[in-house]
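The number in the working numbering is simply the position in the sequence shown, starting from 1, with 33 added.
Please keep in mind that the hints were generated in silico from the structure rather than gathered at the bench.
Backbone N, C-alpha and C fix where the C-beta goes; we use that ideal spot for every residue, glycine too.
Quick list of in silico lysine-lysine cross-link-like pairs, DSS-like style, CA-CA up to 25 Å:
hint: 1; residue 1: K529; residue 2: K502
hint: 2; residue 1: K501; residue 2: K607
hint: 3; residue 1: K607; residue 2: K502
hint: 4; residue 1: K502; residue 2: K492
hint: 5; residue 1: K492; residue 2: K529
hint: 6; residue 1: K607; residue 2: K492
hint: 7; residue 1: K307; residue 2: K548
hint: 8; residue 1: K501; residue 2: K529
hint: 9; residue 1: K307; residue 2: K607
Computed Cβ-Cβ distance ranges for the label pairs, DEER-style:
hint: 10; residue 1: E175; residue 2: Q569; range: 54 to 62 Å
hint: 11; residue 1: D417; residue 2: A353; range: 15 to 23 Å
hint: 12; residue 1: A461; residue 2: S340; range: 42 to 50 Å
hint: 13; residue 1: R616; residue 2: D417; range: 39 to 47 Å
hint: 14; residue 1: R202; residue 2: R616; range: 49 to 57 Å
hint: 15; residue 1: R202; residue 2: P429; range: 25 to 33 Å
hint: 16; residue 1: L579; residue 2: A176; range: 53 to 61 Å
hint: 17; residue 1: R285; residue 2: G600; range: 19 to 27 Å
hint: 18; residue 1: E526; residue 2: E150; range: 35 to 43 Å
hint: 19; residue 1: A461; residue 2: L579; range: 33 to 41 Å
hint: 20; residue 1: S314; residue 2: A416; range: 26 to 34 Å
hint: 21; residue 1: R285; residue 2: D417; range: 30 to 38 Å
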Amino acid sequence: MADTLLGVFLDRAARRPERVALRTLRAGGAEADDEITWRAWADSALRVAAGLAAAGHAPGDAVGILAGNRPIWPIADVGALAGGYVTVGLYPTAAPAQVRQVLADAEARVVVVDTPEQLAKVLAVRDELPALRTVVSAAPVEAPGVVALSELLAQASEGGVAAAEARARAARPDDVAILIYTSGSTGEPKGARITHRCLAASAASIRDALGLVEADTSLSFLPYCHASERIFGLYTRILVGMEAGLVADHTRIWEASRAYGPTLFGGLPRFYEKAYEALRSARAELAGAEAARWDRVLELGRAISRSRRAGEPVPPAAAAEWRELGEPVFARVRALFGGRLRLATSGGATLPAEVAEYLDALGVTVLGAYGLTEHLCAAMNRADRYTFDSVGPAMPGTELRIGDDGEVQIRRGPLTFDGYQRRPAESAEAFTPDGAWLRTGDLGTLDERGFLRITGRRKELIALSTGKKVAPLPIEARLEASPWIARAVVCGEGRKFLSALLTLRRPVVEAWGRKHAPGVAFPALLRHPGVVAHVQAAVDAVNRDLSSTESVRRFALLEHELTVEAGELTPTMKVRRAVIAARYHDLLEEIYGG
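Build the full structure now, drawing on both the sequences and the hints.
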């Protein structure tokens, strides 16, 4: 067995050279998909390594990659790793200032870009990056000081390629392989150092937890710089030998899914929420016997799901009726995911229980997971052992505990990061004083079965003017469990009570409007007494299970979704509370009567 994933990768390319590894999907287009075999991937990656060496770069140099989900990303990444370089992913949505911040902190000597638009970001800040020596563009762009990817590859001699392969096979498990920058929801992004050992151990843990095999396939549509897509996706695929369909435009994910038919679908909660909304809209269009069939299938599916989650036997008659009645309904669900789905996972945030229960009742069990950049996947539900109110039991190779202050802590081990880049004090603070346990910053509980429940963030407590502190995340998760509410941001820092800024599920609102207020546009529907009453009922239902301090007393409806592009969400879809508080200051003043 190879010591690192680089060895696994090269062995696989030698053993299965003609097997397809990467497929660039052109869903909906007339052109055929582009295929890249394991051998072609390896050849291109080794030429990248040799080209960088020929350009005078030394092992240990940081190589930034600013690109979408195109072949250049995995080719440049594996190639740089093979050459002994440290790779640094940047979000494709990053602004020039954010590009500068990450490249400067990593002291990157090289950056690889895929499009003229991404190149423009780098060139706009190049003068502020004294360490940056080489800019490589996959797009044919003529600009001073920019090397075309084809030119870099042409610099790779046969001897250089052989030297790159030898260096790749000699990589040591404890060498730092990559820097993954935290999303910066609570402060400046920090570069988490991840070793080759951590990459291999994390990929093996995921493979074993999900039972992945070489025949499995998946879509790659989350940014590769995202910790989940980088390790759960790219490196786990390498370890297992899975084929990946690359989706450069995430807005076409459902089109790509239908065309490609992955067996594994891993995404953020919002993708499953959109599937849920589409299915509810499909149900709203039905009438008579078809509507009754759907409702009966949903009723049976919910009962079967409850039995499974409780570890109780499922009545054979109910299971048989569910399968027989459900085929037309299941066909609609399968159409969203392409027909071959056997596993679905969700991470990055809490998937609303209503969404998870609805999809499970219709045959798609979404396994919630929990992790962080510093220890990618700490807990995950399993296909035969899952709940919707937890993130599941610990992953293979992971040990969890709850600290005296309620913080979730993870025993330091092969799956844990190696500290933050050039931040020794913050690296030490990431662990308990004895250095044995990683401090996650999350609050949680472990039940008697070992299932972990996340209840909040230590640094995201809202301090009311009454002196009481409230964790907003659990309240937001309960609000988002409503069929009406897509996103909830609980506010109240320094105020007497909590309020919430809410965005609604547009398909649900518009379906209601077609029946009760035909012809009324979406923004006006948000002010319609009937819609407001539905939202108030959802808020009241949540408040009934909360203390008076935790109750949301007032709310406002936003006309648009919060977005990464607007800076309201981090690239991992977490709320940037300071940005929200500043942007909606006047609206919050109205809520509080200021």
